[in-house]
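Chains Z and V, in that order, give the protein sequences. Quick note: the first sequence uses the numbering used here, first residue 1, plus one each step. Quick note: the second sequence uses the numbering used here, first residue 1001, plus one each step.
Treat the hints as calculated values from the structure; they're not laboratory data. No experiment lies behind these values; they were computed from the predicted model shown. The beta-carbon is built from N, C-alpha and C at its ideal position, and this holds for glycine as well. Any given hint might turn out to be false.
Stated by the list, open to error - Pairwise CB distance ranges (calculated):
(1) Arg-102/Z / Leu-1047/V: 34 to 42 Å
(2) Ser-202/Z / Gly-1111/V: 24 to 32 Å
(3) Thr-1127/V / Gly-219/Z: 31 to 39 Å
(4) Arg-250/Z / Glu-1103/V: 35 to 43 Å
There are 2 protein chains.
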Amino acid sequence: MVRVEMLAVGRELLIGRTVNTNARWMGARLAKRGSLLSEITTVDDDLAEIAGGLRTSLSRKADYIVVVGGLGPTPDDMTLKGIALATGRPLRLNAVALRLIREHYRERGLGGVEMTPARKKMATLPTRAAALPNPAGTAPGVRLAVGSTKVFCLPGVPSEMKAIFRNSVEPLIANDLGNLSRAYIRLKVEGIYESALAPLISRELRRHPGAYIKSHPKGMVEGRSRIDLDIAVVDKDRAAAEEAAWSVLREMKTGIEGAGAEVTSEERP
Amino acid sequence: MVRVEMLAVGRELLIGRTVNTNARWMGARLAKRGSLLSEITTVDDDLAEIAGGLRTSLSRKADYIVVVGGLGPTPDDMTLKGIALATGRPLRLNAVALRLIREHYRERGLGGVEMTPARKKMATLPTRAAALPNPAGTAPGVRLAVGSTKVFCLPGVPSEMKAIFRNSVEPLIANDLGNLSRAYIRLKVEGIYESALAPLISRELRRHPGAYIKSHPKGMVEGRSRIDLDIAVVDKDRAAAEEAAWSVLREMKTGIEGAGAEVTSEERP
């Protein structure tokens, strides 16, 4: 088990301006590899909140903490300052980061652009941190090790977050995870309440303690209860994962139909 | 300042199956009242994770912790067990909760429905907790006080979460907040980089230290940088909030146009 936490920084997420699609994307990437985000913490653009969030995450001995947002040039962007505060590593102009920023402007035909304080800020990193190329924007990503935890800072702009995560973060996590396979099936069920589904799920979890079986109630349509039922099994052996998931599926289906309800679809999302 | 934290429970949020629209909704409700969610924590359907999340949130002396998800009848629903673990309050069948569940079934013409273990589970609450009516579903909400923190547990199904929040949580928070007004303006800006906007924002924040001014880069269109610029001011006095927000708007606009860029729209979202 590899513990990967996300620390999302940005008031827009706390006032309902933005929904955290970055967490959805990263969670889904990890899930395809048989893992997940162990925890997602969202904090305000505030030094104490960012530092507190990082400290709490570090105290849980996460293997990876991916901090998302707050790397830009504007005054609300204070992620690196927060990390400096939490780790006791003062901020310093980083030569590699400065070069990456200059190259970014040059590639856009802005070769002679002045290195204003706002631009230098994006190259001012905690000591013993490395700058990571940002193929999709200006602010470099940042990597640092704190004890046994690898901390990565990525911009909040989705295209930039994704590009740096794919290039500089995901390969390390993938290597730690090894080759896991996930078999994932989603059933749509009609005509049964969650409370009637519960004993069927309990029985299957006794047969397959490692399986993930979760019901998502979707409300009533024409007096009939609709539920999505997700079944997932992770295993090093692809065939074993598939076999277990199909076994759960068969038994659940038999139980659901035995209760007079109906499975209206089976998907492999 | 009233500190309201959300603790969202559910693996679906950690594997990218579901995006946390509950957080967006609740954050927006609070923002309209001049407040925000101070922190959002998302954890897995796991006893230790839920208990740990609650303990961490309690340690930050939140005024309100709204736990969302994990109240249903299925085995993955273990929020109340996690709270019992974190607070040392054993679970017990709650007579009011049981009555609410029976009434819910009766209203749906299922008067004689058997109180199976799965159904009783939804009425099994930590001691010294109160059951809250759920006008949109089966599982009652739960309220308990832990020290000076008010903890609320709401179902994860959005319609149920919203109904109980509106009826049983929001009035208390609103009362604590008092009457605040928020003036909120969004500008769409074209032709300026965030790094060039930064000194203009810094200057306005010196003039109006309580204002919230945040740029959201929206990428390049035909070689021109596009940015959304949010301006918000909260004040007990509505006119003062409006006046300050408009003052920031005017100055920002002058600065942006002085830099050769363009404000293409002004919205009141």
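Hint check results:
1. Arg-102/Z / Leu-1047/V: 34 to 42 Å: violated (51 Å)
2. Ser-202/Z / Gly-1111/V: 24 to 32 Å: Distance hint for Ser-202/Z, Gly-1111/V holds at roughly 26 Å.
3. Thr-1127/V / Gly-219/Z: 31 to 39 Å: holds (32 Å)
4. Arg-250/Z / Glu-1103/V: 35 to 43 Å: The hint (35 to 43 Å, Cβ to Cβ) holds, given that Arg-250/Z and Glu-1103/V are roughly 37 Å apart.
Comparing the model with each earlier hint shows a violation of hint 1 alone; every other hint is respected.
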